[in-house]
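Residue numbers (my numbering): 252 to 340.
Don't read these hints as lab results, they were simulated from the structure. Be aware that a few hints might be false.
As the list claims (entries may be wrong) - Subject to a maximum C-alpha distance of 20 Å in a straight line, what follows is the list of computed EDC-like cross-link-like pairs (lysine to aspartate or glutamate):
1. K309 with E263
2. K292 with E319
3. K260 with E319
4. K260 with E270
5. K303 with E291
What the hints assert, rightly or not - Between beta-carbon pairs, the in silico distance windows are:
6. L281 with T305: 17 to 23 Å
7. E291 with E319: 52 to 58 Å
8. K309 with L283: 38 to 44 Å
9. E263 with D285: 22 to 28 Å
10. K309 with G279: 37 to 43 Å
11. K310 with L281: 36 to 42 Å
Even for Gly, the Cβ is constructed at its ideal location relative to N, Cα and C.
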Amino acid sequence: MTKKDQINKPFEAALEELENVVERLESGDLSLEDSLAAFEKGVGLVKYCNQKLTEVEKKVEFLLNDKEGRLQLKTLDMASRGEDEEPEE
252 MTKKDQINKP FEAALEELEN VVERLESGDL SLEDSLAAFE KGVGLVKYCN
302 QKLTEVEKKV EFLLNDKEGR LQLKTLDMAS RGEDEEPEE
């Protein structure tokens, strides 16, 4: 994946493309050369998706009321939450 391709590619499109690459690799129907090319493309997509997730995690912030009812700005810590948990309100 080139830098030019990455600039305008939505995260969801990159993730879908990565899933397709994985399916192709897992099928076992690719030649060694095609497998290597697909693997390289997959590595680039993984790096891109991780970069996008990191950017979003850094930007996501939410407001909570403190004990006195004042709004308090907090950074969302996705690592400490389970996937099925709902955000606190």
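Given the hinted pair K303 and E291, is their Cα-Cα distance within 20 Å? 19 Å, holds
K292 and E319: Cα distance at most 20 Å? Violated, because 52 Å separates the two Cα atoms, which is more than 20 Å.
Would you say the C-beta atoms of E263 and D285 sit inside 22 to 28 Å of each other? 25 Å, holds
Do L281 and T305 keep their Cβ atoms within the hinted range of 17 to 23 Å? 30 Å, violated
Assess, step by step, whether the Cα of K260 is no farther than 20 Å from the Cα of E319, and give holds or violated. This hinted pair is violated, its Cα atoms lying about 44 Å apart.
Taking only the CA atoms, is the gap from K260 to E270 under or equal to 20 Å? 15 Å, holds
Take a look at whether the Cβ-Cβ distance between E291 and E319 falls inside 52 to 58 Å. At roughly 55 Å between Cβ atoms, E319 and E291 fall inside 52 to 58 Å, so the hint holds.
If you check the beta carbons of K309 and L283, does the distance land in 38 to 44 Å? 39 Å, holds
36 to 42 Å was suggested as the range; check whether the CB atoms of K310 and L281 agree with it. 37 Å, holds
Has the given pair, K309 with E263, been kept, meaning a C-alpha gap of at most 20 Å? 18 Å, holds
Is 37 to 43 Å a correct range for the gap between the Cβ atoms of K309 and G279? 39 Å, holds
Hint violations for this structure: numbers 2, 3, 6, all remaining hints satisfied.
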